[in-house]
Every structure is written in structure tokens, then in C-alpha cells.
Amino acid sequence: MGIFESILLTIATAATPLLIAAIGELVVERSGVLNLGVEGMMVMGAVCGFAGASLAGSPWIGLLAGVAAGAVFSQLFAVLTLSIATNQVATGLSLTLLGLGLSGMIGEPFVGEAGEKLPSLFIPGLSELPLVGRLVFGQDPIFYLSVILALVTAWFLFRTRAGLTLRSIGDNPASAHALGIAVIRYRYLAVLFGGACAGLAGAHLSLVYTPQWVENMTAGRGWIALALVVFASWRPARVAAGAYLFGGVTIGQLHAQALGFGIPSQLLSALPYLATVVVLVMMSRNKRLMMVNTPASLGRPFVPER
Amino acid sequence: MRIELEKRASPSQAYALLSPVIALALTLVAGAILFAALGKDPAHALYVLFIGPLTEIWSLHELAVKAAPLIMIGVGLSVCYRCNNWNIGAEGQLVIGAITGSIIPVLFNDWHSPLVLPLMLVMGMIGGALYAAIPAFLKAQTNTNEILTSLMLVYVAQLFLDWMVRGPWRDPEGFNFPVTRQFQDEAILPELLDSGRANLGIVFAILAAFAIWFMMRYTLKGFEIKVIGASERAGRFAGFSRKGMIWFSMMLSGALAGLAGICEVSGVINKLQPEISPGYGFTAIIVAFLGRLNPLGVIVAGLVLGLTYLGGEGAQIELNISDKVVRVFQGMLLFFVLACDTLSIYRVRLSLARAAREA
Amino acid sequence: MKKMIISLAVALAASTAAVSAQAADKTKACFVYIGPKTDGGWTQAHDVGRQYVEKELGDKVETQYVENVPEGPDAARAIERLARSGCSIVFTTSFGYMDPTLQVAKKFPKVKFEHATGFKTAPNVTTYNSRFYEGRYIIGQIAAKMSKTGVAGYIASVPIPEVVMGINAFEQGAKSVNPNFKMKVVWVNTWHDAGKEADAAKALIDQGVDILTQHTDSAAPMQIAEERGIHAFGQAFDQIKAGPKAQLTAIMDTWGPYYVKRIKAVMDGTWKGGESSWDGLKDGILTMAPYTNMPDDVKKMAEDTEAKIKSGELHPFTGPINKQDGSAWLKAGEKADDGTLLGMNFYVEGVDDKLPK
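Taken in order, these protein sequences are the chains called A, B and C.
Taking the working numbering, I'd label the letters of the first sequence as residues 828 to 1133.
Taking the working numbering, I'd label the letters of the second sequence as residues 503 to 861.
Taking the working numbering, I'd label the letters of the third sequence as residues 3 to 359.
Worth double-checking, as some hints may not be accurate.
Calculated cross-link-like contacts (lysine-lysine; reagent style DSS-like; alpha-carbon spacing at most 25 angstroms) [said to hold, decoys possible]: (1) A:Lys944 to C:Lys247; (2) C:Lys266 to C:Lys39; (3) C:Lys184 to A:Lys944.
Just so you know, the hints here were simulated from the structure itself, not pulled from any lab data.
All chains should be built: construct the whole structure from the sequences, respecting the hints.
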């Protein structure tokens, strides 16, 4: 395996959880809901994924447990913001705080346990192709899921009737409601999907990325996923590009250090965050682009009038 | 069964007053269940968490030390959130305020003058305000989402502090450990009483809360904030500047976060080090909401939350409860407050009959 | 309802007071931790030490701890709380607790305090530390023997003297075996972020290192080493479970015997303040995990070195040693003094990295 290929593999692993969580949040935001609880749902997915794998003895069960945990946890947010119309920003933040605490509690018996890694796919022949072999045919199953998720989400949002409905709800829930669309139900489903994705992303961390449970192991990745959604101006393809760009900067700075460039390591560690700010600004400057894609009702509670 | 909301004609005053009480009661009940589930005596656990810290003088002092930065920052954030500017980067503004405020004691360690401390406080506020001006500028001029930029800047600020104390500002006599030199006596925020550690910070915090309460209630600026917060369109018709409000609210909250930063460094730590805040900037977000975005409410909220931290430590020692339990507890408290708050705006109905029609 | 809770609580408080009076004849030893006690690294090693104390001293001792205490303003309060709760001796186990420990110690002259890894003492405060660098010298030698590419990767946390000293010791050990041995250093600026540590491990491996060592807390680099089929050294803990084929050995922090010794000193009244203790391999405060996954001759070399360090025959920093820029540091035969080591802020010759300033 050449250095180029293995760097790409590392970047893919770093980008996968970001991509999955961001795709989930993208759908949520397209429906007009802003869930800042991604970090919390992700860390719940990570702990339940690990716990599930450890208790059931199978990382596949762990994967399911992680997805389920994210989905269930997201419903706490959904009930509050959708059914009783609480402030979405505050509720999302609380979800993150609660998730960080709760996951620490659940995870206590599992700290220090060596986990079982989700096996990678390996197709004899294809996986040994030069350059792209391992990249395309020899990765962990969640990597493929992330690609499928991005593609299906893009197709769903822009090629199906339900996707159109979801976007129209995000733009104008009142008129969607007037047309007889069950706004709240759509939003519930979107939040559920977002939670499941965040849970999956968390499970990737504790089952593939570093198969172990460590308190706060998401270490801010949920927030990066949130930034990516805006960065991508709510387009799935751009979310994917952004996730890989961010993964690239993260891994690239480590390589720059190992090569001995002699730049302060704090500056290099700050690079991914600065890069996110810069790109956010560049994206946001383009008003037309933002206007077309931004869900107009993002973050505003909607209460159906009777 | 489904939940239905019906908007009240005007927010219920009774509920506005009652809802925090209901929320607290619900949290106590849920907490009792949680502790019982963990095999601890719920009444004793709640006593250790909420009452134990209030029974000793020294721990009352500690409560003031802990609550001061939370109140200071929380009050600033409450203004921000009232007009829909979601500054969640107060932690970064705190760090930068601590750095700019420390310029004098670090670089001019031999300057002994009563001017040192006031200058430090002012410089800390300026630093925090300027750092908050970055997301404000980006939001006002380029329409960039301030939630994300302010958050990203937190990480940048922390790494900058780390670099400063390991590099340019490292104490030349400190065996190369990552700390700056100890501040001179004139740079240290005086303690209030001999009986404990509480310092002037809590006084600043309460003054700030009252000043902002006054502003919100009796000045045109306060009115402007409320109008823009309620409806941006209404604000525009009234001739209020949306951009001006972004600048004002972000920089105000930044300045208060910066003040909290320099007060922590000057009053408690007495030097700069890589870690100066246990996440006060983030906890203050909870404080702001717990106080229902009301400056006086924030004082109470800051004290309550500070109490849970102190009690949490007590619980670790006395009951062997891990500190995660306390964080879960705080999360629950916030959820109940949010949920109960809705009751003052909406009437909630559970209906079984109408489910069929809409489905 | 509220009234009921309060009255209940008061009754309970009275009953707990009775309990603590009963336990007064026990010596109470308390610990302040920077991280969760199950962090799989630094803090857990201290907590294992605490459990060792309970096992060794049985019902003559009572232990207590507070975990996750940040190094900021909260530290002094946590320490004071322990001092007030009747602790005879308080161990504060992170560098950043130095000044808070001294502050509280001033207020409680009767309570004894021991601060790990610091350099300030007082009449009732001592410091204690472990000569981790002795272990790092040994693993440097092993690395130079075992590496095929001749390059090792070093995942470093934050550039404090402790970490710099470790890098230098590793380099000294490696150079003693293979003068051309190279080392790549990556600073992750955190003690504990499994993902970042894993990323750093992968980046280093991709750049051609075939031996990993770390001065961070999680077992993630060991897992990556296992997965990629290279070797690595465990940190603070025996990480053989994470890398059954990868781990060569581990530098294990073994605080237990030291804690027992000091608590016994408190019990029989021989404890003295103002001292600094810096024990090493010979005192058992650090131990090497079994040497595994290596040929017998390498194992023999490692064991010999360990024995020589224990007997005092070998000091990892014995001249001639130049600084990285080629200027002389130690003359031939000269041994580094403890003061320089504890404040180390320069690399020795041969380290292929620029020290973050």
C-alpha cells in the first residue's frame, strides 16, 4: 500500500463520521428545524454502540444499538421542540449537555475495555488494485453506508415528491400546512433520521475509528458536522466535499508535523477550525446561493393553527 | 393521543412565575428517581446536592466564586439571545479577555500602581468585545452563521492561550512549565471578607446584572432589543438597525465574558495557565436560559447552577456518585425549565379524539 | 413537599455526622484527580495506587477521591473540601494543582499534602514524581533494535519539560544502539482524544515509521499499531489487551507502594514536609510490563539495561551529549542534574523535530 493511498484511506476514515452526521442534520435543517444536539446524539451513539457490541459480543449489534440510541435520543428533542414548541437552539444545546453526561454514566463500566472492530470489507482481487483498490473495495462497512446515505439523501431531497414536500416545509411551514401537509409529522421523521445518522456516526467512532469507549470521545466532531451543513449550503454533495476537505486538513496537519515543518503545533491544530470559518464566510458571502438553498424557516418553531 | 398547543392571547403571568418552580420540583422528583435507581438514598443525595453547600461559610464563599463568572457571562448572553444573536462562543471571548487583561501583569510585572487592576479589567473587557466582534462582523457583513463561527473561534482562542503560555509569555523562572509569572499584588482582585475566597467578581456580576436589567426595562436600547427579538420585521419598521443590534449585543456579551475571564485570572488563579476556565462560557448558556433570559433571573440561575457544581463535588465525596450524574442532573433541569416555559405561552391539550381526522 | 425534604435531610445529615465521628481512628487519605478514574492512563494509574493502599492497609485507612477536577479555579476548592472533610493527607495528582495545593496547605497546617510532578514545597507540602525517562531510555533501545525502517514515531501531548525529557531519553536510548536512528514527533496538543491520537498514529505509520510510542493517555495508538501490524509501547498502563501482537513493553506508573509508604509515615508520625521525592525504576514507582513480541537477544538487552539503571550503573543522560543545535550540554561522563531535567526545554542532538515554543 503506497503512502498516497494510505493517506487517502486515513482521510476517508476521518471524514466518514462527519459526513454521516452532517447528512442527517442536513435533512433536519431542510425541514426547517435546527438541532444543535448533534454532538450529544453522536456521543450517545458512540457509547451505546460500544456497549451493545460489548454486551452482545458482536459489533454488528453494536452498530444497530448506536443507531437506535441516536434515534431515540433525538426524539427527546423532537417532543420538546415540535410538540411543545420550545426554543430549538436552547433545546439542542441541552440535548448535547445531557448526552455528554448520560453517555459518561452509561459508559463507566466499559472504559478501558478493548473493543472489537467492525470488520473491513475485503474482496480478493479488487481490493488489491493499485491506488484505488483499498479505497473503493476494502473499507469498513460504515464507509459504504456513508456514501449510500449521501447519494440517497440527494436523490430523495431533489428527485422525489416527499423530498420536495420536506423542502417546502422548511421554506414555509404555514403554507405547507394550509395545503394539508402534516408538517409536524414530517419534522418528527426528519429529526428521527438526523438522530439515527448521528448515532451511526458515533458508532463509527467507537466501533471503527478507535474501537473503545472514552468519555467525550466525539471531541467536538458533532459541532464540526453542524458547521459542514452550513458550509455546504444545505447540499448533500457539498457536505461530502466539505467532510473530506476537513478530514484532509486534519490529517494533513499531522503529516506536516511529522515532516518537520516547524510551524507551531497549536497553529496547525487550529487550522481545521480556521478553515471552517473561512469557508463558511466564503459560502455565506454569496447571497444568491444562500438564498436559494437556505431553508427559510430554519430554527423557527411552528405551531399549526386550527 | 396527540399533544396540541393553543397560543394564549397573552403570556400567562401566573405561569411565568410558576414555571421555574414547577421545573425545579420536577427536576427534584426526577433526580430522586435517578438516585434511587443508583441505589442511593434520594433524600440524602438531594440534601448533599442542594443544601449541604449552603450550610458552611467557606462553601458560601465558594458558591460566590463559582457563580460570579456564570452570572457575568449569562447576563451578556441573555441580551444576545433576546435579539436572536446566538453567541455560543463566550468561552473563547473569556479566554481572549483573560489574555488581553493580563498584558500588564505579565509584561509590566514591576509596575506597582493602583491603576493596574482597573486597567486590566478594562483591557479584558475590550479583548472579549473585540473577539466577539469577529462573528458579529461576519454576521453583519457577510451573513455568516454566528453560532458556528463563534464556536469555532473558541477552539482557536484556547490554542492561542496555550501557545502564549508555552511560548512568549512563559515564566522565565518557572522551570519552563507552561505558566506565566505570578501577578504582582496590585493586579490581584481583592477578596471581600476574611472568612473565604469570594472576591470582587461577584459584586461586578451582580452590578452587571442590575445594570442590564435596568437597560432592558427602562431604556430605548432595551426596547429596541425586545422589538427586534420579537420580530425582525417589526424592528425594521420601527427604524431599528438589525446590523447595529448584532454589533451591540455580540460585543456587549463579549465584553462581559472578557470581564469574567480577567476576573477569574486575577482573582482566583493569579497567573495565566493553559486551562483557566472549566467551561464557564458554555455553562453560562444554560444559565441564561435557566434565568429565562432575564438578567435578574440569571443571578438566581447562576447561583442554582453553581450550587449543583459544589453539591456535585460533595456528592462525589460523601456518596461516591460520579460527576457525570451531576451533569445529567443539570441537563434534566434545563429540559424541565424549557418545557415548563412553553406553558406560559401556550395552552397544552392532550387529545385522543381528534387524532383520527388529521391522520 | 420542600419542607419535608429539608427536615428529612437534616435528620440524615445528623446521622452521617455520627458515622464520620465513628471513623475518626482511621487515617484518611484523599486524592484529587484531573480526569475520570477510569481514563485508562494517568488518572487510572493513580486510582490503582489508591486501591492498592486500601488493600495493603486494610481497615487502618479510609480513602476518598474527587475526579475530573479541572486545573483552573475549581482545583483549590476541591482540595479545600477534602482538607475540611478530615483527610490527614491529600495527594494532588496533576501539575496544575501546584499553586492551589500550596494555597490550601497554608490554611490547613495540620493536614499533609503531596503534589505530583510539581516543584514547589512548603512545611506541610511535599512533591513526588517518577523517573519515567528511565523507562523511555529502555524503550528507545528496544525501538532501535526492532525497527526495520530505522524510524520511530512519537505521539506527544503538550510540550512541558516532562514530555520533552521523555523524547530526549528515548532518543538517547535509540542512539546508544543505532546512531543513525530517526524519530518523527507529532504534537497533538491534548492528553486525551482517542480519535486524534489514532489519526496521528496513522499519519506517522504512513510516513514510514514502524514503531510507535506515545506520551498521551488513550490506547488508540496501540490499537492502530496492532491493526497495521507494527510494534508500539504502552503508556502508563499495560496495554497488552489493545495490542497483543503489537506491544513490546509498557512503562507502567506504579504509585501504590509510594502511597503506602507515605501514608504509613503519616500514621507513625515520621512524615516530613518540604521534601521532594523523585523515585525511579529501582524504587518500583515505575515498572516495565513484560517484554513481549521480541527476539530473546532484544529482551536480554532490555533486561540488562533495566538492571543497570536500577543498580545506578547507567544514567540515561550521561555525557557526552550535545543539544540539538550541536552545542555541548554534558561533558563526557557527566550526568544531568535533576534541576535541568525537571525544566528541560531543549532537544538533544539527533531529535528530528522542532520544539514547539
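Here's how the hints hold up against the structure:
1. A:Lys944 to C:Lys247: With a Cα-Cα distance of about 16 angstroms, the restraint between Lys944 (chain A) and Lys247 (chain C) holds, given a limit of 25 angstroms.
2. C:Lys266 to C:Lys39: It holds: about 24 angstroms lies between the C-alpha atoms, which stays within 25 angstroms.
3. C:Lys184 to A:Lys944: Measuring from Cα to Cα gives roughly 32 angstroms; hence the hint is violated.
Violated hints amount to a single one, hint 3; each of the other numbered hints is respected by the structure.
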